[in-house]
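*Asks:* Listed here are the chains, written in short residue letters.
2 protein chains.
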Amino acid sequence: MTATLADLATPVLLLDGFKVARNLARMRAHLAPHGVVLRPHMKTAKSVAVMRDLVGGPETPITVSTLKEAEVYASAGVKDITYAVGISPDKLDRVAAIRKSGCDLSVILDSVAAAQAVATKSRETGDAIPALIELDADGHRAGLQSSRGEELVAIGRALVDGGAALKGVLVHAGESYAEPGEAAIVLAAEGERATAIGAAAKLRAAGLPCPTVSVGSTPTATFGKDFSGITEVRAGVFMFFDLVMQGLGVCGLDDIAAGVLATVIGHQPEKGWTLVDAGWMAMSRDRGTSALPVDQGYGVVCDPLGHPYPDQIVIKASQEHGIIAARPGSNAKPLDLPLGAKVLILPNHACATAAQYDSYVMTDARRPGEVLGTAARFRGW
Amino acid sequence: MTATLADLATPVLLLDGFKVARNLARMRAHLAPHGVVLRPHMKTAKSVAVMRDLVGGPETPITVSTLKEAEVYASAGVKDITYAVGISPDKLDRVAAIRKSGCDLSVILDSVAAAQAVATKSRETGDAIPALIELDADGHRAGLQSSRGEELVAIGRALVDGGAALKGVLVHAGESYAEPGEAAIVLAAEGERATAIGAAAKLRAAGLPCPTVSVGSTPTATFGKDFSGITEVRAGVFMFFDLVMQGLGVCGLDDIAAGVLATVIGHQPEKGWTLVDAGWMAMSRDRGTSALPVDQGYGVVCDPLGHPYPDQIVIKASQEHGIIAARPGSNAKPLDLPLGAKVLILPNHACATAAQYDSYVMTDARRPGEVLGTAARFRGW
Chain A
1 MTATLADLAT PVLLLDGFKV ARNLARMRAH LAPHGVVLRP HMKTAKSVAV
51 MRDLVGGPET PITVSTLKEA EVYASAGVKD ITYAVGISPD KLDRVAAIRK
101 SGCDLSVILD SVAAAQAVAT KSRETGDAIP ALIELDADGH RAGLQSSRGE
151 ELVAIGRALV DGGAALKGVL VHAGESYAEP GEAAIVLAAE GERATAIGAA
201 AKLRAAGLPC PTVSVGSTPT ATFGKDFSGI TEVRAGVFMF FDLVMQGLGV
251 CGLDDIAAGV LATVIGHQPE KGWTLVDAGW MAMSRDRGTS ALPVDQGYGV
301 VCDPLGHPYP DQIVIKASQE HGIIAARPGS NAKPLDLPLG AKVLILPNHA
351 CATAAQYDSY VMTDARRPGE VLGTAARFRG W
Chain B
1 MTATLADLAT PVLLLDGFKV ARNLARMRAH LAPHGVVLRP HMKTAKSVAV
51 MRDLVGGPET PITVSTLKEA EVYASAGVKD ITYAVGISPD KLDRVAAIRK
101 SGCDLSVILD SVAAAQAVAT KSRETGDAIP ALIELDADGH RAGLQSSRGE
151 ELVAIGRALV DGGAALKGVL VHAGESYAEP GEAAIVLAAE GERATAIGAA
201 AKLRAAGLPC PTVSVGSTPT ATFGKDFSGI TEVRAGVFMF FDLVMQGLGV
251 CGLDDIAAGV LATVIGHQPE KGWTLVDAGW MAMSRDRGTS ALPVDQGYGV
301 VCDPLGHPYP DQIVIKASQE HGIIAARPGS NAKPLDLPLG AKVLILPNHA
351 CATAAQYDSY VMTDARRPGE VLGTAARFRG W
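Read top to bottom, the protein sequences are chains A and B.
For the first sequence, our numbering gives the first residue as 1, with consecutive numbering after it.
For the second sequence, our numbering gives the first residue as 1, with consecutive numbering after it.
Keep in mind that the hints were calculated from the coordinates and are not lab data.
Treat the hints with caution; some may be incorrect.
Copies of the same chain are indistinguishable here, so a pair counts whether it falls within one copy or spans any two.
Said to hold, decoys possible - No more than 25 Å apart at the CA atoms, straight line, and that leaves these computed lysine-lysine pairs for PhoX-like: (1) K68 / K202; (2) K68 / K316; (3) K342 / K68; (4) K271 / K100; (5) K225 / K100.
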C-alpha cells in the first residue's frame, strides 16, 4: 500500500523531487550556452541522498558552507568541493584530512594572514592546498575590496611562494537578495562579474595563475546575461526555491519544492485564527520576506497538495504554534478547516527551514498525495 | 589533561552547568514560600542529561512542547509530563503509547471537538487520558476566552462524561515577553492568575473537578507576587536565560548560561567589521531583542570566558557568517582580534539557538576556560 500525506506525523518537511530536478535542469539549461560550470551549493540540501539522486552524483563539483558538509559529501565520494566561507587557521587540519582522503577540497580567504596560514599547512603536509581569493562586490559581508589591488597580489604571492596553490578568485553578490526584479538583479550580476574578472586580470598581470573565476548567487545565476571571463557559477537555494526567491521574482510559487506539512490544533474564532502545530521550530525564525514588497509572515498556507489558499499566511509563530490568518489588509475569509486537518506551508527561506529537520519526506508533483520515501539530512559543523 | 575552550572546533554551543543550577535554585527559592509545584519546561534544554543532572532527575514533573520530547523524557524515566501544546486527534495514538509505557502524560485542549477526541481515545484504550483546559489570558495565541464560560463547562463535561480525566486548567501569559520591566510583568502575572483561578472556579461551580491550576512563563514566574489558588508554575527559558530575558529585566547578562563559541574568520577594516564563523545557522534567525529597547542584533559579543566587549554585537548574519561591529549609535572602537581568535556570543533566544545544535559543551563558571564534557540534545517531533 502506498503511503500518503495523511499517514504522516506533523510537522514534517516535504521535498518534491520532481520540482528539484526541474529547477536544476532549468538552471543548467540557462548556463550551458555560456560554457560555465555549475557548482551547486549543497548547503541548502545537506543531504547525501539529494546529492546522489537529484544533483548529479559524486562526479558533480559542489560548493559547501561548512567543513562538516565537506566531510560528509567527501565520504560519499564527491571529488571536487569548494568550502566557500573564509578559512581560519584552526580549521586547516580538517581541510588537510579531507584532502588526504582523496577529495580535492579548496578553501577561500581574503587576507595575507590567512594565505600564510594555508601556505604553512601546505608545507607541513606536503600538499599544496588550493585557495581562491574572495572579493567583495557589493559590501555584503566578506571579501577583499576591489580597490585593494596590491593586497590582492600580495595574497596571491603568499599562497604561491609559500607552497599553497592559487586556484583563482571567487565573488558572491549577496546584496542581490535585497532588491526585487530582473533589472536590479541583472545589475548585481554585472557587478559580480566585473569584480571577479577585474581581480583575475590583476592577478594574471602580476604573473600569478587564476584558472578559476567563480561567481554566484541564485538571483544572479538566474538572471545573469553575460558570463564572459567567468569559469564557474555557484548557486544553491534555486534547487528548492522559497518565498524570498519568489518575492524577488526569481521563481514562481509553483517552483518551490520544499514545504512543511502541519496539522490544525485549534482556533480563535473571534479573530479568524487557525492554529497549527508548525511554529518557528518547524518553519525557522527566518522572516526574509519582511523586507520585500509582500511580507509572507512565517509562510504561505496551501492545501496539502500545495495549492495556496488565497491570502492565507502564518501571521505569527511561537515555538510550536503557528497562527494562520488572512494577510493583514486582505479581506479574505478565515480558513474553515477543522481540528486535525492538514495544510502545507511554503517557507520564507529553504536553507533555514530545512535545517530544522533531520530528513525530507520525498514527494513528486506528478503523483499528488503520495509519499515516496525519506531522504536523510545532516547538520552541524 | 583537561580540555579547554581553545581545543574546540567552532561554532559550538557552550552551556554553563553552574549557572543553570543557580538559575533553577533561584526560581525554586522564589516559588517555595508560595507552596506551588515548579514544573520546568524542558523544551529549551531538550536533553536527558540536563534533565537528569541539573533539573532534578526523573522524579521531577516536567512540561514539554512536542510528543518527541514526551517520548524521550518518558523513556529516560520521567513519570509526570504535561504536553503543553493543544492536542490534535492524530496525535492521540502516540499519547496512549507513552501513557501505556508508564508515564502519566497529560494533554491540553481548548475545544469540545478536542475533548471529544480525547474521550473517544480514552474509551478505546480503557485509559482515562488526563486533559487540562487551556485558557487565554492575553490574546497571545491558543486557549479558550474567559468570556466563554459555557464552553468551558461543556469541554469539562465532554471529558468527564466521555471517559477522559479533567485534570484542571492551564494558562500561559505569552504577552509577558512583550513589555519590559517588573511592573508590567507583575500585571501580566496577575492577569494569568486571575484567568486560571476564574476558570477553575467556574468548573468547580459546575460540579466538575479541577485539581490542577497551572500558570507560567519565565517572566511571570520570576516576578509573580501572588500565587494563591495556583497549584503549579511552568517555566523553561529561565534555566538558560538569554538576551530577551535580560532585555525584559528578568535576568542579568551574567545569568545567561548558554552561548556560542566562534572563531574570527576575517575583517573588513574600512567598516570596523570582524567576521566570525557563527552566522544565523549557529545563532538561529531569532531577533527577539529587535522589539525591545536595546536591540542586540544576533547576539552580544564576549571574550571566550563570557566577559562582554562593551557595545560589540553581531549586527548582521548570513548562513555561516556573523558580522561583529559596534552597536549602531555607539562610538565604541572596533574589536581588535586577529584571524583565529575566539569569542563567545550570547543569544537572543536560548530555545532557538540551542535548537541549532546536537549537543552542549558543558562548562562551569567556577572553572573558567575548562571543558567538562558534552551533553547530548535531541530534536524533532
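*Asks:* Compare the structure with each hint and give your call.
*Replies:* Each hint, compared with the structure:
For the identical chains of this complex, K68 and K202 are neighbours neither inside a copy (33 Å) nor across copies (56 Å), given an alpha-carbon limit of 25 Å. For the homomeric pair K68 and K316, the shortest alpha-carbon distance between copies (23 Å) is at most 25 Å, but the shortest distance inside one copy (33 Å) is not. For the identical chains of this complex, K342 and K68 are inter-copy neighbours only, at 19 Å across copies versus 35 Å inside a copy, given an alpha-carbon limit of 25 Å. Taking the shortest Cα distances, K271 and K100 never come within 25 Å of each other, neither inside one copy (60 Å) nor across copies (38 Å).
For the homomeric pair K225 and K100, neither the shortest alpha-carbon distance inside one copy (39 Å) nor that between copies (63 Å) is at most 25 Å.
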